[in-house]
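Chain by chain, the residues:
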Amino acid sequence: MSHLPSRRGLLFGTAAVSAGALLTGCTSNEKSDDGQPAADDRPAADDRPGKQVTIGFAGPQADHGWLNAINENAKSRAEKYQDVTLEITEGSNDTAQQIGQIETLINKKVDVLVVLPADGKALTQVGLKAMRAGIPVVNLDRIFNTPQAYRCWIGGDNYGMGLNAGHYIGEKLKDKPDARVIELAGLDNLELTKQRTQGFDDALKNYPNIRKVARQAAEFTVESGQAKMAQLLQAQSEFDALWNHDDDQGVGALRAIEQAGRDDFLMVGGAGALSAFQAIKQDDGVLKATVLYPPTMAASAIDLARALGQGKGVGGLAEFEIPASLTLYSAVVDKTNVDQYMPTGFE
Amino acid sequence: MTQPVSPPRGATDKAPPAGPRPAWSTVVFRADVRTLSLLGVLAALVVIGGITKPDEFLDTRNLQLVLTQASVIGVVTVGMTFVITSGGIDLSVGAIVALASVWATTVATQEYGFGGILFTAVLVGVGCGLVNGLLIAYGGMVPFIATLAMLASARGLALQITDGKTQIVTVDGILDLGERDAYVFGVPPLVLVFAAVTVIGWLVLNRTTFGRRTVAVGGNAEAARLAGIDVRRQRLYLYLLSGLCCGIAAFLLIILSGSGQNTNGNLYELDAIAAAIIGGTLLSGGRGTITGSVLGVLIFTTITNIFALNNLQSDVQQIAKGAIIVAAVLVQRRTASTT
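Those protein sequences? They're chains H and B, same order as listed.
Quick note: the first sequence uses the UniProt record's numbering, first residue 1, plus one each step.
Quick note: the second sequence uses the UniProt record's numbering, first residue 1, plus one each step.
If you're looking for bench data, these hints aren't it; they were derived computationally from the structure.
It is possible that part of the hints are untrue.
[Said to hold, decoys possible] With a straight-line cut-off of 25 Å between C-alpha atoms, the simulated BS3-like cross-links for lysine-lysine are:
#, chain 1, residue 1, chain 2, residue 2
1, H, 212, B, 53
2, H, 176, H, 129
3, H, 108, H, 80
4, H, 288, H, 172
5, B, 321, H, 194
6, H, 281, H, 172
Just chain H, with the same shape it has in the complex (with noise of 0.2 Å):
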């Protein structure tokens, strides 16, 4: 306990600072000595530069819409703070080459690490070594094994997208008697798909009038959404809902429906990628929502590293320490919001 004291002064002064900027309406960093810290004020980080932090980020390879999403919000991000630099390591999805780029950062000596390992189990190790060598690791979507071998981890829902657009399908279909759903889903061997199946398998129990009839794993391509969606379709003559996991093999699976001439049923999609918005908005297909799994992560990982660089807390939070672990909302975007959320859309 004796580093709260010193903590709690850097606190008074951070508040004393903030109060003072918006009384003054500038960033200017001189000394206020009215001492009153509101009701509200916290060690929070904010958009003030604060003290230089170096980030060092390290992702996985960039071949898919939503992971190079990932790397534009990072960068965008870390760009918007004067007082973060960005070390960032060629994205690889071979787990051997991202533990060399991590181990190079740790050596470089970066303050905070943001990873988002290609294979969260295969890079726990050199997590843990981060951590060991003092450097707060922000562990990005994919989770380690440990929580020894991150200070926070923040990333989506994959069970909370099964779930609501399980829910949003059996809203919809809740009036009709032996309602039938199907599930395009994306790549078998990723554990992801699997909790996304789950909650959406969870989700439809509370709909007795709706069964599910068919599932089938893609790749999350478009090549293989298209593929696999014409064998759904042959497969299926009759049903009233479908859920896709991905909305990049989502732009397959829609060509394979406009071929095969079908709109009988609604589509799901997930992910939140801007043709899937663009499709919701014009509401002229069978896509009506998208379940997100928003790339917008990784800005907030920026926040959260950069807040763990200059020892605060969360804008908003009655807490000293950012959190241990974030878990992302996965909100349906429809009709009635996709405006909103068209901003955050990735090609």
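Following the hints, complete the assembly by docking chain B onto the known chain H.
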């Protein structure tokens, strides 16, 4: 046009060797025993599909679907058959399809419409084939290594061009070709292209000097050289041909999926090689059969179709696919005694 060059091994459609003329039926039987066994496998699959899902499987739309899905990989496999027949290998086909499809769907190319996209796809395919051919024929590189290098760099370039994004095609003329009203007497245009490539491939391999030279180079390159064949130039042409097929396949894939993505053509190299080998083309070269390769592709596509219709999950699909490859090859070795 068919001047005899060094006698290629196993070229069954050639005149029988001198001496006691074998019964004509034997020649036909020998030629067709492989094809017949493949047709048997395909027929067995059709029976399985028909029993398990009679309404969905034995449906005109499903036939159209199976053939459409076989078209892209089918065209690639025809090119691959030539390369393997000559004793080579092309590991870069999937990457070339990816590169050709993303290059052809960049905004710049889409401005030139249908022709621009087609021209770019084919040009990129041929260009990659040319590089492969030059490295192998004149650079003295082993085909495995040269095309592996092309695999890596073409995929990398495709990723660089797209920046990981999906390039959606907005040119109407192209998308229309994938729609049902573009079908010619119930046959999708993609399938027509596949059929044309197959027929041309069969004629070139079996009825032209080029085909005989290909077989000769694969059977014994040194003998072929002594017989007066420019082996290097022949090899260059073969990789060019494979690249051309990849370019055509990329264009078909653009029609089919309505987009270009760097992940296109994933693992095509393995599917094409497997189909050619199942079809009866010798991996060591010297014998190749377009009919067999196309039947191999159709067997694969039909299996996938039956799996999907019966809603089997991907783990089961993969296990069963492996088992069926082994079974098909074993059946073939039993029925076809010739090497």
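Hint consistency between residue 321 of chain B and residue 194 of chain H [alpha-carbon to alpha-carbon, up to 25 Å]:
Holds, at about 22 Å.
Is residue 281 of chain H close enough to residue 172 of chain H, meaning Cα to Cα at most 25 Å?
Holds, at roughly 18 Å.
Hint check: residue 176 of chain H vs residue 129 of chain H, CA-CA at most 25 Å. Holds or violated?
Status violated; Cα separation ~55 Å.
Is residue 108 of chain H close enough to residue 80 of chain H, meaning Cα to Cα at most 25 Å?
holds, 23 Å
Given the hint that residue 212 of chain H pairs with residue 53 of chain B, does the C-alpha gap stay at or below 25 Å?
holds, 18 Å
Hinted pair, alpha-carbon criterion (25 Å max): residue 288 of chain H, residue 172 of chain H. Please report holds or violated.
holds, 11 Å
Hint 2 alone, counting from the list given before, is not met by this structure.
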